[in-house]
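These protein sequences, in sequence, are chains A and B.
For reference, each letter of the first sequence is one residue, going 771 to 1057 in my numbering.
For reference, each letter of the second sequence is one residue, going 771 to 1057 in my numbering.
Think of the hints as simulated: they come from the structure by calculation, not from any bench.
Be aware that a few hints might be false.
Stated by the list, open to error - EDC-like cross-link-like pairs, simulated, lysine to aspartate or glutamate; straight-line CA separation at most 16 Å:
id : chain 1 : residue 1 : chain 2 : residue 2
1  : B       : LYS938    : A       : ASP1057
2  : A       : LYS938    : B       : ASP1057
3  : A       : LYS1053   : B       : ASP825
4  : B       : LYS775    : B       : GLU1024
5  : A       : LYS799    : A       : GLU1018
6  : B       : LYS914    : B       : ASP957
7  : A       : LYS960    : A       : GLU1008
8  : B       : LYS1053   : A       : GLU827
9  : B       : LYS1053   : A       : ASP1046
10 : B       : LYS799    : B       : GLU849
11 : B       : LYS960    : A       : GLU841
12 : B       : LYS912    : A       : ASP1057
13 : A       : LYS1053   : B       : ASP1050
14 : B       : LYS1053   : A       : ASP1057
15 : A       : LYS912    : B       : ASP1046
16 : A       : LYS861    : A       : ASP892
17 : B       : LYS898    : A       : ASP993
18 : B       : LYS898    : B       : ASP825
19 : A       : LYS898    : B       : ASP1042
20 : A       : LYS960    : B       : GLU1008
21 : A       : LYS914    : A       : ASP1026
22 : A       : LYS938    : B       : ASP1050
23 : B       : LYS938    : A       : ASP1026
24 : A       : LYS1053   : B       : ASP1046
Listed below, chain by chain, are the residues.
There are 2 protein chains.
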Amino acid sequence: MSKVKIGIVQTSCTADIQLNMQNTTRAIKQAISNGAQIICLPEMYRTLYFCQTQDYEQFKTAETIPGPSTELFSKIAKENNVVIIAPLFEKRTDGLYHNTIAVIDADGSITDIYRKMHIPHDPGFEEKFYFTPGDLGFKAIKTKYATIGTLICWDQWYPEAARLTALKGAQILFYPTAIGWDAKEPDAIKPSQLDAWQTIQRSHSIANGCFVCAVNRIGTEGDLQFWGSSFLSNTMGEIVANTGHEQEETLVVEIDLSEIDDTRTHWPFFRDRRIDFYGDLTKRFID
Amino acid sequence: MSKVKIGIVQTSCTADIQLNMQNTTRAIKQAISNGAQIICLPEMYRTLYFCQTQDYEQFKTAETIPGPSTELFSKIAKENNVVIIAPLFEKRTDGLYHNTIAVIDADGSITDIYRKMHIPHDPGFEEKFYFTPGDLGFKAIKTKYATIGTLICWDQWYPEAARLTALKGAQILFYPTAIGWDAKEPDAIKPSQLDAWQTIQRSHSIANGCFVCAVNRIGTEGDLQFWGSSFLSNTMGEIVANTGHEQEETLVVEIDLSEIDDTRTHWPFFRDRRIDFYGDLTKRFID
């Protein structure tokens, strides 16, 4: 049973939370009808990407775990025997919020949660205002169909995050994402931004001999044009399935987890890591 | 003075050490005549890639530091005011050998050495037989024209090596290499191997906002067809210069080191590393 079908749900969002939940439910059911067993949503599927500005009102859109999202997805997961990777805006307690993933296993239970560890903060991506950096570290989460790693958006630029998650046994790294082109930036640099985003994640497949699945949102919100381009890369870093950057899409792709052992055996990078010399990776800079 | 011209010297090798030294000297002088200031050679430029088999006779081709290679290159470096990155087979003492780089500064002095940290060992790449793993760690080496990092071939698959070298201040990561296609492997996987090799190194540019320069050998030796395809990637991981995979080539490309600060300021990955959670990178696996 080394084969598993991955559902990539690339959706756009509106200002209406209920509508977004309905639209996502529709897309998930489409993925299920195409055989998906592990389904991944884009980062913060339930709202517009409100981090373009610092707005206290937006904290009201946060939810607890369990809460509306996990209740909805637990029901769908249990009824259809699927795993759902649900990224949401978590209210942990009064005045304390995280950018979080709840992993719902095929029996409908909340197997584990991951809290986004690397938080960006740039004009148009004002995330440090909203999200306390995760305090749970990096995780591999056993589900019915595979042991998965869940990371979120900005995490994707950090080889350390991918490595630690793979070293814990993750076979597939999922990256729910909300990334796009800023209308204020010149068109000339846009292809290189998208290419860098794709390349760094493909490199996590290569370095760790594992699968990577990036699921981005789509559509234009204010100055941001989310570039979609969700993809799945195999253990050699080759893209084996991808969506476009124009519209909502639901994609189901079958992968064979036995490729991990085969790739790692032939390119045994794990064998030769110089762990005796990696200690300084915990330093900010080595002056 | 943020601009610097990089010389990529992609050579083939023969069984004749003197001939290889002469040919390399010729190529270096060609790079110098085209304005190169920092010149990088392929891994073990002086011999055939003898690691295809385990042969005690080959230890006789090793040299000390200083030795024939450093004497030759020190003279050229001093006369022409250039930096030379010289990868060689180092005899450290009786029965103790390394795969080493000597960095020759523009005044002809041996500024520093780097000993290959990650040693492969696969059929056709029997390196653990010959090379003791490096014990000097990862280094950034100040030269007249730039602060450079020197890593060797198999090191290129390890994000940890690139990160540590960049954290020490390296502006350009050089990877002298001897990698190729094995005639015993199916043709179908060859493009994905080359693409993975390029992608993982481009990802080091992206993750660290620095330049990467890979210099590979060319030509067929026994079962191995070295694929050349030397390249330089900029701080966004874009390939700005590359050789082909058919013949010897000497390429000189000018880069602007000020792009490092610009890229890192706009994509501030160094700012947000979760060094409080990276400690387990010193573990082999996290069971």
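Subject >> Violations among the numbered hints, reported as their numbers in ascending order >> reply: Failing hints, ascending: 3, 6, 7, 8, 11, 14, 15, 16, 17, 23.
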